[in-house]
Amino acid sequence: MPDFSRQGRAGESRLGRYDGDFPGVAMSRWTILVLLALALAIWGAFRSSNPLHTELPFGSTDLSSVQAELERLDPEDRKRVEAYVQRTNGDYLPAGMGDPDDPMTARTFAEAIDLQKRFEVLMQEQEAKASAFRAAREQNFAPLRKIMSMQVVARDMLTQAEIYGLSTPAMPGQPKSPLPSNANDPPKAVTTYRLTNISDRTIAKFGVLIELRQKQHDPLDFGIVASCWVDEVQTLAPGDTFNARCGRTMSLNRVTDAEYLAMPLSDLEIRWEPKRFEFADGGSLEFRE
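Residue numbers (our numbering): 58 to 346.
Source of the hints: derived by calculation from the structure; they are not laboratory data. Using N, Cα and C, we set each Cβ at its ideal position, and we do this for glycine too. There's no promise every hint is true.
[Claimed, not checked] Derived pair list, reagent style DSS-like, types lysine-lysine, alpha-carbon separation capped at 25 Å:
{"id": "1", "residue 1": "186", "residue 2": "332"}
{"id": "2", "residue 1": "203", "residue 2": "136"}
{"id": "3", "residue 1": "203", "residue 2": "332"}
[Said to hold, decoys possible] Derived CB-CB ranges, DEER-like:
{"id": "4", "residue 1": "175", "residue 2": "93", "range": "31 to 39 Å"}
{"id": "5", "residue 1": "345", "residue 2": "159", "range": "27 to 35 Å"}
{"id": "6", "residue 1": "210", "residue 2": "150", "range": "45 to 53 Å"}
{"id": "7", "residue 1": "262", "residue 2": "186", "range": "48 to 56 Å"}
Could you put the whole structure together from the sequences, leaning on the hints where they help?
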């Protein structure tokens, strides 16, 4: 009977022993390491060459240091990066700080683009709500606007004396009108509004708010370049007019008087809100939200 144990031992001695890795296995490990290194190099090169990964300047709205990378973005993405930086003033707040609906956590172009897109959606939602609110208010104003109309008839630089008609010398034999204490102050921009009774009822008293807003204005401003609150006890028969002169509330904007007077009326949104009317027949009409 053959001695298989001897053959096995003999075969073992002929082949010898090898306790290390097989050459094929060793080659595979080196190949994997080389491929990993190559992949990392390619990823690093891609990341460094992709402008979306450019870091934003911190604490500044000056993007000149990354202008070359900005120019490589799509036009819409470039506008979003610029808008985000201007809107946040270049500031950065860690997650969890600031407004959760409007975070300022962007460190790179890509993050700024994403946050600006979210901000645009938020603004669209808020504008839709505001538009619906304004439409509802306009419906409530409709009955009052059938009573009186308003138009801007003049915008001038006037002194206090001119505003109140005190600059004209008194007629012979008439006492001279006393000048107000601020009569010699520098002239200022004054807007004249003409209010006309377009109803068939006699008005005895009225209160209206008028605002002139820039259609395009600095987001940090309210856009109101002139405003006037007219609260008058004045009898206006059907067809009668009343001229109201008002200065400007400078705290609402950074537009100078000269800039305001140079603006075409077509660049301004004229908003006027008749709040209440009292009539000679004892009736009244009042705006309600």
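Do the hints match the structure? See the list:
no.: 1; hint: 186 / 332; result: holds (23 Å)
no.: 2; hint: 203 / 136; result: violated (45 Å)
no.: 3; hint: 203 / 332; result: holds (13 Å)
no.: 4; hint: 175 / 93: 31 to 39 Å; result: holds (36 Å)
no.: 5; hint: 345 / 159: 27 to 35 Å; result: holds (33 Å)
no.: 6; hint: 210 / 150: 45 to 53 Å; result: holds (49 Å)
no.: 7; hint: 262 / 186: 48 to 56 Å; result: violated (35 Å)
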